[in-house]
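Asker: As given, the protein sequences belong to chains A and B, one line each in that order. Numbering-wise, my numbering puts 125 at position 125 of the first sequence, and it's gapless, one number per residue. Numbering-wise, my numbering puts 224 at position 59 of the second sequence, and it's gapless, one number per residue.
A hint or two may mislead.
[To be verified] Straight-line distance between alpha carbons at most 25 angstroms, and here's what the computed DMTMM-like set of lysine to aspartate or glutamate pairs gives: (1) Lys-63(A) / Glu-192(B); (2) Lys-161(A) / Glu-216(B); (3) Lys-186(B) / Asp-16(A); (4) Lys-196(B) / Asp-73(A); (5) Lys-218(B) / Asp-45(A); (6) Lys-196(B) / Asp-95(A); (7) Lys-61(A) / Glu-216(B); (8) Lys-14(A) / Asp-200(B); (9) Lys-224(B) / Asp-199(B); (10) Lys-190(B) / Asp-81(A); (11) Lys-161(A) / Asp-199(B); (12) Lys-196(B) / Asp-113(A).
[Said to hold, decoys possible] Have a look at the derived ranges for each label pair, beta carbon to beta carbon: (13) Ile-87(A) / Ser-213(B): 26 to 32 angstroms; (14) Tyr-221(B) / Gln-6(A): 42 to 48 angstroms; (15) Asp-113(A) / Gly-222(B): 19 to 25 angstroms; (16) Asp-151(A) / Glu-216(B): 33 to 39 angstroms.
Think of the hints as simulated: they come from the structure by calculation, not from any bench. Since the model is a prediction, treat every value here as computed from it, not as a measurement. Even glycine gets a Cβ: it sits at the ideal position worked out from N, Cα and C.
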Amino acid sequence: MATNLQPYKFYVFKPDYYSFVTSSGVEYLCYFTPYAEYFKKYSTDISSRFYAFNLELSNKKLKPHGIDRRIADTVITIVGDFLNAQINAVVYVCDNSDGREAARSRKFLSWFDYYEHPSSKIIQVSNNFDSGGLFIYTTLLVHKKNKRIKDIILAYLDLTKENEK
Amino acid sequence: MPSATDTKKKTARSKRGSRVKPMTKVEMFQKMLDDQKFIREAIQNGVSFQELKDKYGYKFATV
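I would like the entire structure built from these sequences, with the hints used as guidance.
Answerer: Written as structure tokens, this is what we have:
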């Protein structure tokens, strides 16, 4: 069986979201929401650079079956497109509403694992922690050439550190 | 041009006015997850991005 490892063709629905449809007919929407409100202790120059990454099925009744590597390739391409300006950073907080946040985190980390999907431009930093009895899985993605990369990583690690003052 | 007294008055008003208690870390992450869930369910129920912005006040990065 021939295997196509190319990303799916995606569409940009300006100004809000990306969309792609898999070979099994499942449509995904990908969008980014501002996270500046969670970085208020930093200057706007830093706080305004943070965005949440979201990937959703457009229709929850149509669920994917099996492993589809092309979804990972497509998401990497979309996030790469978003981070290409070398200004913003993306935070992924795993949905925990169905108790599958750990699996979700493992999958997301594998998508951006350098050895599985070599990326010359994106690095990921992952920090999981206990937040008042709620275990939170998070990942930061940032362009390697982002001029504020150090400040962005430090702010992310500060937000996701376990102990609260 | 505002006088120094005017500036101080404004500053004092701002301080009195800023009574919004900062979110704790637990509240922050709960809000992140709640917003994420709300938007996901809205999209899956046919709510448009425009409606999420206009009616519910959500913001999205320009892509």
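Asker: Evaluate each hint against the coordinates.
Answerer: Structure-based check of all given hints:
For the suggested pair Lys-63(A) and Glu-192(B), the alpha carbons sit about 31 angstroms apart, so the restraint of at most 25 angstroms is broken. Restraint check: the Cα-Cα separation between Lys-161(A) and Glu-216(B) comes to about 35 angstroms, which exceeds 25 angstroms; the hinted pair is violated. Between Lys-186(B) and Asp-16(A) the alpha-carbon distance is near 31 angstroms, which puts this suggested pair outside the 25 angstroms criterion. As the CA atoms of Lys-196(B) and Asp-73(A) are separated by approximately 29 angstroms, the hinted pair breaks the 25 angstroms bound.
A threshold of 25 angstroms between alpha carbons decides the hint, and for Lys-218(B) with Asp-45(A) the separation of about 24 angstroms falls inside it, so the pair holds. For the suggested pair Lys-196(B) and Asp-95(A), the alpha carbons sit about 12 angstroms apart, so the restraint of at most 25 angstroms is met. Annotation: proposed proximity of Lys-61(A) to Glu-216(B) holds, straight-line Cα distance about 22 angstroms (limit 25 angstroms). Only pairs whose Cα atoms come within 25 angstroms are accepted, and Lys-14(A) paired with Asp-200(B) is accepted, the gap being roughly 21 angstroms.
Straight-line distance between C-alpha atoms of Lys-224(B) and Asp-199(B) comes to about 15 angstroms, which keeps the hinted pair within the 25 angstroms bound. For the suggested pair Lys-190(B) and Asp-81(A), the alpha carbons sit about 30 angstroms apart, so the restraint of at most 25 angstroms is broken. The straight-line distance between the Cα atoms of Lys-161(A) and Asp-199(B) is roughly 20 angstroms, inside the 25 angstroms bound, and the hint therefore holds. Between Lys-196(B) and Asp-113(A), the direct Cα distance comes to roughly 28 angstroms. Violation of the 25 angstroms bound is thereby established for this hinted pair.
Take Ile-87(A) and Ser-213(B): their Cβ atoms lie about 27 angstroms apart, and the range 26 to 32 angstroms holds. About 36 angstroms separates the C-beta atoms of Tyr-221(B) and Gln-6(A), a value inconsistent with the hinted range of 42 to 48 angstroms. Here the CB-CB span from Asp-113(A) to Gly-222(B) is close to 36 angstroms, at odds with the stated 19 to 25 angstroms. For the pair Asp-151(A) and Glu-216(B), the supplied restraint of 33 to 39 angstroms holds, since their beta-carbon distance comes to about 35 angstroms.
Consistency note: the structure conflicts with the earlier hints numbered 1, 2, 3, 4, 10, 12, 14, 15.
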